[in-house]
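Using the sequences and the hints, build the whole thing.
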Amino acid sequence: MTSRHDTAAPPAKGGAAPGRPPAGDTAQAERKRARLSRRWQRDMRWSPYAFISPFFLLFLAFGLFPLIYTGWASLHTVELTAPTDMTWVGLRNYTRIFDDEFFWNAARNTLTIGVISTVPQLLMAMGIAHILNYKLRGSTFYRVVMLAPYATSIAAASLVFVLLFGRDYGMINWVLNLVGIDNVDWQNGHWSSQFAVSSIIIWRWTGYNALIYLAAMQAIPQDLYESAALDGASRWRQFVHVTLPSLRPTILFTVVVSTIGASQVFGEPLLFDANKGASGGSQHQFQTLGLYLYEQGWINQHLGRASAIAWTMFLILIVIGLVNSLISRRLRASS
Amino acid sequence: MTSTLTKPPADPVPTPPRRARRAKAGRAGGQLHAGPLAYGILALLTVVSLFPLVWTAIAASRDNQRLAQTPPPFWFGANLFDKLQIAWVDANLGEAFLNTTLVAGTSALTIVFLSTIAGFAFAKLRFKGRNALLLIVIGTMTVPPQLSIIPLYMMVAKLDWSDQLQAVILPSLVNAFGVFFMRQYLLQALPDEIIEAARVDGASSWRVVWHVVFPVARPAMAVLGMLMFVQAWNDFLWPFLVLTQNGSPTVQVALAGLGRGYTPDQALIMAGALLGTLPLLLVFAVFGKQIVGGIMQGAVKG
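Protein chains in written order, with our numbering: chain R, 163 to 497; chain S, 1072 to 1373.
Be aware that one or more of the hints could be misleading.
[Claimed, not checked] Cut-off 30 Å, straight-line C-alpha distance, at most; resulting in silico cross-link-like pairs (DSBU-like, lysine-lysine):
hint : chain 1 : residue 1 : chain 2 : residue 2
1    : S       : K1360     : S       : K1195
2    : S       : K1360     : R       : K194
3    : R       : K194      : S       : K1195
4    : R       : K438      : S       : K1199
5    : R       : K297      : S       : K1229
[Claimed, not checked] A few chain R residues that don't get close to chain S, going by computed Cβ distances all over 10 Å:
hint : residue
6    : D261
7    : N267
8    : A269
9    : L392
[Unchecked claim] With the C-beta cut set under 10 Å, the calculated list includes, among others, these residues of chain S facing chain R:
hint : residue
10   : G1176
11   : S1186
12   : S1219
13   : Q1235
14   : S1243
15   : S1275
16   : V1280
17   : W1304
In case anyone wonders, no lab produced these hints; they're calculated from the structure. All of these numbers come straight from a predicted model, not from anything done at the bench. Ideal placement from N, C-alpha and C gives every residue a C-beta, glycine not left out.
Rendered as structure tokens:
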């Protein structure tokens, strides 16, 4: 990285500039100019591709090729111990996982954990953004504080929450006792464990999403509010009829990103498990698809089956994406 | 003036006239001054955000007997430094810190460099297929990384890279968000006239990048670098898969290892979690404002 400041006008190279012919048009100078001009054209034509090619090469190697190869591997038997030996089995990996009750269990858990972590998170983020959008003293302080959980790693956050959600001596049950609620067995209950796992996700990501909404709110032109106010719209109606429609693209963006994130939840349930296994609790009560994939691939050592799970997740995401765009198109058409 | 009035980093005009600034602030601050209710909610949210972090330190300063009592401890005990020391040694955190810094630093620097040149091309250069290629870049943001881990794992096994840091670094260099972020920034922050002036003076594209684009993009590069560093530092799944045996874990993998065992020492685990979080919290304390600005900037124009 350069540290120069006088860069607005880089030093001219005498004579090298096209369109400024050197004095004395000899044949030699003419050839030199033609050569420079050719080099210039090559530069103009190809350097954009040179600038973007590293990204695309890396994406081919570490994004697209693995994506396709996962699909290919999902049609084979591949063992973790010998990842290069592949035997063709067609769709058997898929039928195997669809017959496995734990796959459907994991799919249900992923859905419910996704919903109870994403919906409150985005609603709260919207409310927080609205408050941060007021004229505030120390607004920067609040923004930084809201983002602090984002800087905390999955590992650290999960380990702390395991303690806070402890059954006998955890802080949360202690508080619940104060208001007269009996100890909840957060790790072993079905809904309680899913709620606990979701709360880790909510804690880490709400502030981040609030800042994204805040940024979008600040970009809404003030005259929209003024004319709405002139028409006698209340503060709430202004929010519903001005703020929300203006935020629609941003909301869609956060929904898509959160959905992708929710489909892959892995570290939180892994570390929330007291036995630190991949089963997601003693009754698989909080095993997500991400954990199920890990269990099949790295504990049971069936990489082919894990690939089938990965591709199934991908297909589900594509379907969700299509439904999403369909709904938003409907909404746009009707409004 | 409150900080909402400060110039957003993407503003193409270096110092906007006062009136424009005030108009912008009016729009941003919008309607009302916050009342006591708003401040009350914010105070509550501050507690919720920070409490788990503070309590990590409290738990780390206690011993297991105290942690297994009600009510749970609300204030520091005497063991903090002992526990930190033991956790440091037990989880081999010194080496883990070194490894994580290396991984996060390399990937952040590379991503920033590659994103800046690619973002510049997409923002300011004309070439065939630009819009289609940009769409592909944005599209890659929606491909879940989890889909690639199995072939990547096979690649790593084949190359005999397991437990080696390049296995973590290389796949983390693909970053569409970075390209998009830099494009949005340069679209506004880099006036076409400067590039044309450099061109007229005979600068090649690389010279333009070096002497014009990089200096102009420096604030955005710094923000992107910090965001990518945070992301790489906190990455869990992939390092967990490839760095498990006994080579060189990252901090996150080392932390996950702390939680194992039949009678885990909770205070020790908390000490490890605290140590693993502290460097990033320090970065946040110092550069928090810039990072917040960066996230908001990436969001509006995104």
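So, going through the hints one by one against the coordinates:
1. Taking the CA atoms of K1360/S and K1195/S, the gap is near 28 Å; set against the 30 Å cutoff, the hint holds.
2. Only pairs whose Cα atoms come within 30 Å are accepted, and K1360/S paired with K194/R is rejected, the gap being roughly 52 Å.
3. Distance restraint check for K194/R and K1195/S: the Cα-Cα separation of roughly 29 Å lies within the 30 Å cut-off, and the hinted pair is therefore satisfied.
4. Between K438/R and K1199/S the CA atoms are separated by roughly 52 Å; this puts the pair beyond 30 Å, and the hint is violated.
5. Under the criterion of a C-alpha separation no larger than 30 Å, the hint pairing K297/R with K1229/S is inconsistent with the structure, at around 58 Å.
6. With a minimum CB-CB distance of about 21 Å to chain S, D261/R clears the 10 Å threshold, and the non-interface call stands.
7. Non-interface status of N267/R relative to chain S is upheld: no Cβ of that chain comes within 10 Å, the nearest being about 19 Å off.
8. At roughly 15 Å, the least C-beta separation between A269/R and chain S is larger than 10 Å, which holds for a residue marked as non-interface.
9. Even its closest Cβ contact with chain S, about 14 Å, leaves L392/R beyond 10 Å, as expected for a residue assigned away from the interface.
10. The beta carbon of G1176/S is not positioned within 10 Å of any beta carbon in chain R (closest approach about 14 Å), and the interface hint is therefore violated.
11. At about 8 Å, the closest approach between the beta carbon of S1186/S and any beta carbon in chain R falls short of 10 Å, and the interface hint on this residue holds.
12. With 10 Å as the threshold, the beta carbon of S1219/S comes within range of chain R, its nearest partner Cβ sitting at about 3 Å, so the hint holds.
13. For Q1235/S, the interface hint is violated, the least distance from its beta-carbon to any beta-carbon of chain R being 16 Å, above 10 Å.
14. The criterion of a C-beta within 10 Å of any C-beta in chain R is met by S1243/S, whose closest approach is roughly 9 Å, and the hint holds.
15. Among the interface hints, the one on S1275/S holds; its C-beta lies about 5 Å from the nearest C-beta in chain R, closer than the 10 Å criterion.
16. The restraint placing V1280/S at the interface with chain R holds, with a minimum CB-CB distance near 7 Å, inside the 10 Å limit.
17. Interface hint status for W1304/S: upheld, as the beta-carbon distance to the closest one in chain R is roughly 7 Å, under 10 Å.
The structure does not agree with the numbered hints 2, 4, 5, 10, 13 stated previously, though it agrees with the rest.
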